[in-house]
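With the sequences and hints as input, model every part of the structure.
Protein chains: 2
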Amino acid sequence: MRYKITIEYNGSKFLGWQKQKYSIYSIQETIENAVFNFTGEKIVLYCGGRTDAGVHALGQVAHFDIQQAVEPYRIRNATNYHLKSTDIAIINAEIVNETFHARFSAKKRHYEYRIINRYAPVVLEAGYVWQIFKPLNVEIMCEAAKYLLGKHNFSSFRSKYCQSKNPVKTIDNIEIIQNKDHLYIRISALSFLHNQVRIIIGTLVEFGRNSIDPNQMLKILTHCERNYAGITAPAHGLYLVGIDY
Amino acid sequence: MRYKITIEYNGSKFLGWQKQKYSIYSIQETIENAVFNFTGEKIVLYCGGRTDAGVHALGQVAHFDIQQAVEPYRIRNATNYHLKSTDIAIINAEIVNETFHARFSAKKRHYEYRIINRYAPVVLEAGYVWQIFKPLNVEIMCEAAKYLLGKHNFSSFRSKYCQSKNPVKTIDNIEIIQNKDHLYIRISALSFLHNQVRIIIGTLVEFGRNSIDPNQMLKILTHCERNYAGITAPAHGLYLVGIDY
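As you go down the protein sequences, you meet chains A and B in turn. Counting the first sequence from 1 gives a position; the numbering used here is that position plus 1153. Counting the second sequence from 1 gives a position; the numbering used here is that position plus 1153.
Treat the hints loosely; a few may be bogus.
Heads up, the list lumps identical chains together, so a pair's fine if it works in one copy or across two of them.
Simulated pairs of lysine to aspartate or glutamate, EDC-like, Cα-Cα distance not exceeding 20 angstroms [stated by the list, open to error]:
no.	residue 1	residue 2
1	K1260	D1366
2	K1260	E1247
3	K1333	D1397
4	K1333	E1247
5	K1333	E1265
6	K1261	D1205
7	K1237	E1278
8	K1166	E1278
9	K1172	D1325
10	K1372	E1296
11	K1195	E1224
12	K1322	E1224
Hints are computed from structural coordinates only; laboratory data are not their basis. All values reported here derive from a predicted model rather than from experimental measurement.
This is how it looks when you write it as C-alpha cells:
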C-alpha cells in the first residue's frame, strides 16, 4: 500500500528534511522512525520538496509504502502519537496508487517567505520571520520581482553546492503581499534550484533596502554568476506552503 | 513629559498586564522597571486595555510621565534594551500632551481571537491559537455572532469577578474570517466587561461545534446570567490588536 502524507513542521531544531549519516535530527528519519514504531515496517520516505536546515513547512508532501493495509486516519493518528513533542505533525494521510511519487508527480511547489520590517524587536514571531530594520521600498521590490517571472537561467540564484544539471527554471508566480510591517513573498514553480528561493529573497531585500533600479535585476539574471545576486536569506523565514499534483 | 507607547507582548509567561502584590511577572511592572533602569525615575504605567494572564498583544497602548525630556526614539530603544529577553517590545513611542490618557481617552479597542480547527496536532502555532478538534459550523457561528452586535446587557458574558457597575456594552464590530483551517474572530468596542471577549468566543464555538440554532444567542443575552453562555475560551488564543484614540 502506498500512502501520501501532508506534513507541517517547525524546522528550527532540524538539520533539514534529508536523512543524515551522522545525525538523527532530520525530518525524514524522525517520521520514518515514527511509522516504524507502530507498523514494525522499515519505510523509506520520499518528499516533494527537500527543505534545508531551519526551513518550516505548512504543507510538505511525502509518500511511503508498507505491506499492511491501514486506514489512512490511523496512519495520521498513530504517526502523530509517535511524533509527539518533535515539532512535526501529519496533517493528512491518504491511500494513493503506485504511480504516485511525491517528488516526480509534483506539478507545482509553493513557497512563502515572511519578513518583518521594523526597528523594534520581534516578540510574537521571533524565529519565524526575517527581521529587516531599515525601511524597505516595497514598490521597487515588486518591480524587480517581475523580471524573475517566467523561464530563465537562474545560475546567479543558486547555491555553489547546487547539484542540478540544468540551471533553467520557470517561475510561474511571484507576489509580494504587504500587511503593515509584514511582507509575505510567495513564489511558485514546478521546481527550484538549491537555495533559489532564499537567494531571490536576499536579492529582493537588497533592492528594497537600497532602492536599486529594478531593471538591474535583468543584469543579475544575465550574468549567470552567484556573486552578482544578493545574500541567501535566512532559513527561518521560509515556509514550504504546499505542493500541487 | 507624557509619553504614549505601543507595545507587543507574548503573554504566555506573564500573570497579565496588572502589577501584582506578590509576583513580579506582570507586564506593567516589567516595563516600569525597564524605564526606571535608564531614566532613574519611578513611573506608573497606565494602559488602554488590561489583559489577563496569558493574553497576547500586538498593539497595547500605555502612557507614563517623566520629569526629563527624552527623544521618543530613545524612549523606545532604551526601554527595549532593558526589556531584552522578556517577551515584551516597545513598537513605538511618542510625546503626547497631558490631556491624553491611555485608558480614558480610548475610543475603540480591537481584539482578535485565533482558532485552528483540525484534528492533527498544532506545531507552528502551538501556544498561539485555540485548537478545536471537531469541525466547526462556521456559517452558524457567523449568524449567531450577529445577535451580539450593538448595545446589550452582557451580564451572561462577564466573569463572576467582573467589577464593572454597568453590564451594558456596545459591540461595534464582530466578524469571523476563515482561512483554510484557521478562524480569526475580530471584535471591536469602546470597552469590554471582564472576560467578555473570551466568553463570547467560548459561546460561539459551542454554537459551531453543536450546530445550535443561531437565534438561541438571543436567549442567552436576555437571560443575563453567566451560566447560560459557553465556556471562557483559553487566554492564549486572544490578542489585543490595537486601540483607537
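Failing hints, ascending?
-> Hints 1, 9, 12 not satisfied by this model.
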